[in-house]
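Residues per chain are reported as follows:
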Amino acid sequence: MEQFEINRYLKLDLFGLDASFTNSSLFMVIAFFLIIGFLTYAMSNRSLVPGRLQSVAELSYEFVANMVYENTGKEGMKYFPFVFSLFIFVLVLNMLGMIPYSFTVTSHIVVTFALAALVFVVVTGIGFARHGLGFLKLFKPEGLPAALVPIIVPIELISYLIRPISLSVRLFANMMAGHTLLKVFAGFVVSLGVAGVVPLIATVAFTGLEFLVAFLQAMIFAVLTSIYLNDAINMHDHH
Amino acid sequence: MSDGDPEKGLGRGVLSAEDREAFKSRAGEIDRRLSEAKARYAPKPDARQRGQAMGQGLKIAVELVVGVGFGAIVGWWLDDVLGTRPWLMIVMVLLGFGAGMLNIIRTAQRLQAQAEAAQMAAPSVRDADRDEE
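If you read the protein sequences in the order shown, they are chains A and B. If you read the first sequence in our numbering, its first letter stands for residue 1, the second for the next number, and so on. If you read the second sequence in our numbering, its first letter stands for residue 1, the second for the next number, and so on.
Simulated from the structure, these hints should not be mistaken for lab results. Among these hints, one or two may not hold up.
[Claimed, not checked] Simulated restraints, written as ranges between beta carbons of each label pair: (1) A:Ala19 to B:Ala113: 43 to 53 Å; (2) A:Met77 to B:Phe23: 54 to 64 Å; (3) B:Ala118 to A:Arg46: 27 to 37 Å.
[To be verified] Footprint (simulated), chain A over chain B, 3 or more residues, beta carbon under 8 Å: (4) 49-60; (5) 98-112.
[What the hints assert, rightly or not] Only pairs whose alpha carbons sit at most 25 Å apart, straight line, appear in this in silico SDA-like list of lysine to any residue: (6) A:Lys74 to B:Ala121; (7) A:Lys78 to B:Thr107; (8) A:Lys74 to B:Arg106; (9) B:Lys38 to B:Arg50; (10) A:Lys78 to A:Thr40; (11) A:Lys140 to B:Leu88; (12) A:Lys140 to B:Gly98; (13) A:Lys183 to B:Met54; (14) A:Lys140 to B:Gln112; (15) A:Lys140 to B:Val74; (16) A:Lys74 to B:Thr107; (17) A:Lys183 to B:Leu58; (18) A:Lys183 to B:Ala61.
Ideal Cβ positions, reconstructed from N, Cα and C, are used throughout, including at glycine.
Excised from the complex, chain A in its bound form (with noise of 0.2 Å):
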């Protein structure tokens, strides 16, 4: 469909790497540009009771403040920031893409596999650089009789492993669908004549519930994010 096309603006190749800028870039550009500016034009005035704009940012600051904490403890707060990035980062992308004649980048799964790799990649790092070896005991769970080991083990290990696989998919098959299905609906709009008005009521309401998702899906993306760091750091246990 036209809308998930990817447009080459400015063809680049770096090694024999397709590096070119995209109207995936562009987009995403827009979006790290719309979050700096908004962030630092709302909270400019830094005043003790905060204006509309303020209240925006600060909510938006505490919400994932509040999840980090809770799904990490006090110790996962250290890396507020990260999780705080990608949340904003994902949350303004699927907004962007609700925008008619705009692109969504999240609903190409490179991308939000590129962002789940990126978690698991970092997650595992803090567990092995702050529990070393002993952050392998998170495959082996305690009291576990040997004789169940060969079963156990994998199991845990391919549990580990598909993490970035569902964390990247669910965001981008969410996406995809919700957009996918608002183009059917809208359609049959035309097709049908004066009956056209039942799809016109679905487009409304699949819109609405689609705003809707898009949120969801960039809070579950930073829920699930803090659920793997609390694993990193607290090895399973809930602080």
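Since the structure of chain A is already known, use the hints to place chain B on it.
Just chain B, lined up with the frame of chain A:
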């Protein structure tokens, strides 16, 4: 009440027919009042909560599919490399299914813990079992 009457020949703890009827009607009355009170105190599901529930559902569905899919692909690849078709694929699909299940159970446990914490913190709903404390 006739259960204290030894002439009737009924032992302690045995109810006569009319006592049983009375007991049943009282139990029914309690049941009715309980469900009324539950309906009154139950929080109304708003759109946001429903949306979150939907998010949780999708989250869990994806987990299951990805586990099996990952197992199948890795098993297929290992079979190709080691020439053991189809055994490793079968094993890996089963293990992947187990891994997906494990992730789902962990998610469900976390949700359960959150729900219990939220219920304990809710001031409007009193838990009858905890009154003695």
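Practice item. Provide an ascending list of the numbers of those earlier hints which the structure does not satisfy. Key: none
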